[in-house]
Amino acid sequence: MLPDDFQNRIIPVQGTYAKLKPYRLGAGDLLFMKMAALRPQDVYDLDSFTLSISDMPAIKSGLDKLRLTNPSQCAFVQFWLRQKGLL
Amino acid sequence: MTNSTGAGDSLRRQWRRIGFRFACMPINQTVDIEKLIRDSVVQGRDDPDLYWAALAWTIAFSDLVNIPRLSRMVSQSETALIGMLADLALEHGGEKKLRHIVRASKPLPRPEHLFRIMGSHAYLTEQEAKHNLPVSAKWGLICAQITVKQDALYQRSYVLSHNQNALLRALLGPHARADILYSFLISPQQTISQLANSVGLSYQPVHAEVEDLLKNGFVRCRTWGRSCVVSLTEKATEFITALCESMAKG
Numbered sequence: 048m049l050p051d052d053f054q055n056r057i058i059p060v061q062g063t064y065a066k067l068k069p070y071r072l073g074a075g076d077l078l079f080m081k082m083a084a085l086r087p088q089d090v091y092d093l094d095s096f097t098l099s100i101s102d103m104p105a106i107k108s109g110l111d112k113l114r115l116t117n118p119s120q121c122a123f124v125q126f127w128l129r130q131k132g133l134l
Numbered sequence: 663m664t665n666s667t668g669a670g671d672s673l674r675r676q677w678r679r680i681g682f683r684f685a686c687m688p689i690n691q692t693v694d695i696e697k698l699i700r701d702s703v704v705q706g707r708d709d710p711d712l713y714w715a716a717l718a719w720t721i722a723f724s725d726l727v728n729i730p731r732l733s734r735m736v737s738q739s740e741t742a743l744i745g746m747l748a749d750l751a752l753e754h755g756g757e758k759k760l761r762h763i764v765r766a767s768k769p770l771p772r773p774e775h776l777f778r779i780m781g782s783h784a785y786l787t788e789q790e791a792k793h794n795l796p797v798s799a800k801w802g803l804i805c806a807q808i809t810v811k812q813d814a815l816y817q818r819s820y821v822l823s824h825n826q827n828a829l830l831r832a833l834l835g836p837h838a839r840a841d842i843l844y845s846f847l848i849s850p851q852q853t854i855s856q857l858a859n860s861v862g863l864s865y866q867p868v869h870a871e872v873e874d875l876l877k878n879g880f881v882r883c884r885t886w887g888r889s890c891v892v893s894l895t896e897k898a899t900e901f902i903t904a905l906c907e908s909m910a911k912g
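Line by line, the protein sequences give chains A and B. FYI, the numbering for the first sequence is 48 to 134, going by my numbering. FYI, the numbering for the second sequence is 663 to 912, going by my numbering.
Chain B on its own, in the form it takes in the complex (with noise of 0.2 Å):
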């Protein structure tokens, strides 16, 4: 049973992918993990599923969640169910940055119900305001009840063998370098400004990184007219595909 739209499918089939128990086929693309927490706690408030999925996967996984990043992708106006869902994570066992989220993020100035549909009835809002959490409470929300779907995460085992991105991360840490090195897996030769839009980053932090990468011979930048193409060598493709496909074999 479920009240998902088009969006929330799109949303259960990313969780899907990456080691969520949604009821549908997992989607063939990469998944954005920032992108999927931050969207599904906001589109979570009209399908809960959604924010107890991104609330079990971040306890699970904080590990491969890139902070910062989700931290500036959050908007004024969505911090405080972010700061929730961190606050949460933390609770049950999540990792210590989360505490970076819980710091940058702010209450909203008036109580509104976390779930919508709570307030749409007069018998609803009153139990929920009468067994409101103190967690929810900080946060300028109102919620009584917490779910914590473990049970419906596949192993980590699963979740890295079916995501290249999320075994980058984990074995280079969930920053900039293990996202530049993943897109060059899906694109081969990119300029420094392509590989900033797809990482999500602005220009210096991957130039930056590219820099680095160049100076241990992991890269290699040719120049055709006024850019600079950088690609894997062939020995940095070498490693990383076979650390792919061996995780891939289990």
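Here chain A stands alone, though its shape is the one from the complex (with noise of 0.2 Å):
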């Protein structure tokens, strides 16, 4: 799952492509689809790695979404952010 609003965060690949024009993800969505997706290597990922503020708009963007699909994984992944000292 991807905030819905995750093409404002996208960043050009640096190289020459003839036709093609890539974009990479955001730090922050591919955070958040960890967190959506919760599988145990996620979980491993997410507790090794520090956010930071920057992450934080797609994170609350995410959390947004994931709150009307999931409501009690959207309060897990919350409670593990204040946890962090995040929200």
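There may be inaccurate statements among the hints.
[What the hints assert, rightly or not] Here are the simulated lysine to any residue pairs, SDA-like style, with alpha carbons at most 25 Å apart: (1) A:K81 with B:H783; (2) A:K81 with A:I100; (3) B:K811 with B:R884; (4) B:K911 with B:Y816; (5) B:K792 with A:T116; (6) A:K68 with A:D89; (7) B:K811 with A:D89; (8) A:K112 with B:A784; (9) B:K758 with B:D701; (10) A:K68 with A:R86; (11) A:K131 with B:T787; (12) B:K697 with B:G755; (13) A:K81 with B:E774; (14) A:K81 with B:Q705; (15) A:K81 with A:K112; (16) A:K107 with A:Q120; (17) A:K81 with B:G670; (18) B:K811 with A:F126; (19) B:K697 with B:D671; (20) B:K800 with A:F126; (21) A:K81 with B:Y785; (22) B:K759 with B:D749; (23) A:K107 with B:S782; (24) A:K112 with A:Q54; (25) B:K758 with B:L833; (26) A:K131 with B:S782; (27) B:K897 with B:R884; (28) B:K877 with B:S855; (29) A:K112 with B:H783; (30) B:K792 with A:F126; (31) A:K81 with B:N878; (32) B:K911 with B:C686; (33) A:K81 with B:R683; (34) A:K81 with B:K792; (35) B:K759 with B:G802.
I should point out that these hints are in silico values taken from the structure, not numbers from a laboratory. Quick caveat, the model's predicted, so the values are computed rather than measured.
Hints in hand, dock the two standalone chains.
See below:
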């Protein structure tokens, strides 16, 4: 699951391409995807990663979406972010 | 993204060498396939990607695994982990001989999370228990989701051309003989005890294999003092080297 406004945060990929204009997701959007999937590897990754304030707009936007589809998981992610001092 | 430790990094480099695309450089040494599977399954409890690598590789290349040797390597406390891996591999098209591991393995007496971190928070624990898969429940484990990373595997030709031990197993079967012949490519002159040590078997089965190879002219034996030093004959060396070289060229 991606935040609805992820396109506002995509980053151009450096390099020379003939006809392509590639972009990559921002770090906050990637981290939110892990929060939404919560597979074991994602939990380990989230545990070992340091979130920065610049990641928060993407995560907050994602949480708004997750609240509608999976409120209990959203509550867990919010709890986890609070533990990390980010909410 | 990864939570890998030093041991995890070494296992990842070994997987890379035998054909699983981890983002790291492959190890230079020969990979002990059964040891790698066993170590990845054990380490995988704290590093899930290793467990999934072992599963994907076992599904695709179970014909290259020495199943009895793998069974012998697994300790009592690890049999549930390897039993579940073999069960999953069978479900996804692995060779029928994996049933040997399933039969020889025992479930855990009390349920435990396959991936330990999933027991670290009430919400995760509850979700895992709620969606626990029948295959994990059978082995006394709790795991709600299986990941089969078949698309991370290299082609069989890559695996065989980069791993002469796997190539000889593909030709002769994943048995002691293939491992003994490969051992001579690494160390051309060995006593039977040294051979037994390098292929991870006891003296007796290695002695029996060497006797057969001797009878058929593939190896010769020279007595130095009290020890008998075994080496490949010229023709056997030529044949095996040519085979490995032609496969390496693709």
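Check each numbered hint against the structure and report the violated ones by number, ascending.
3, 6, 10, 18, 20 and 31
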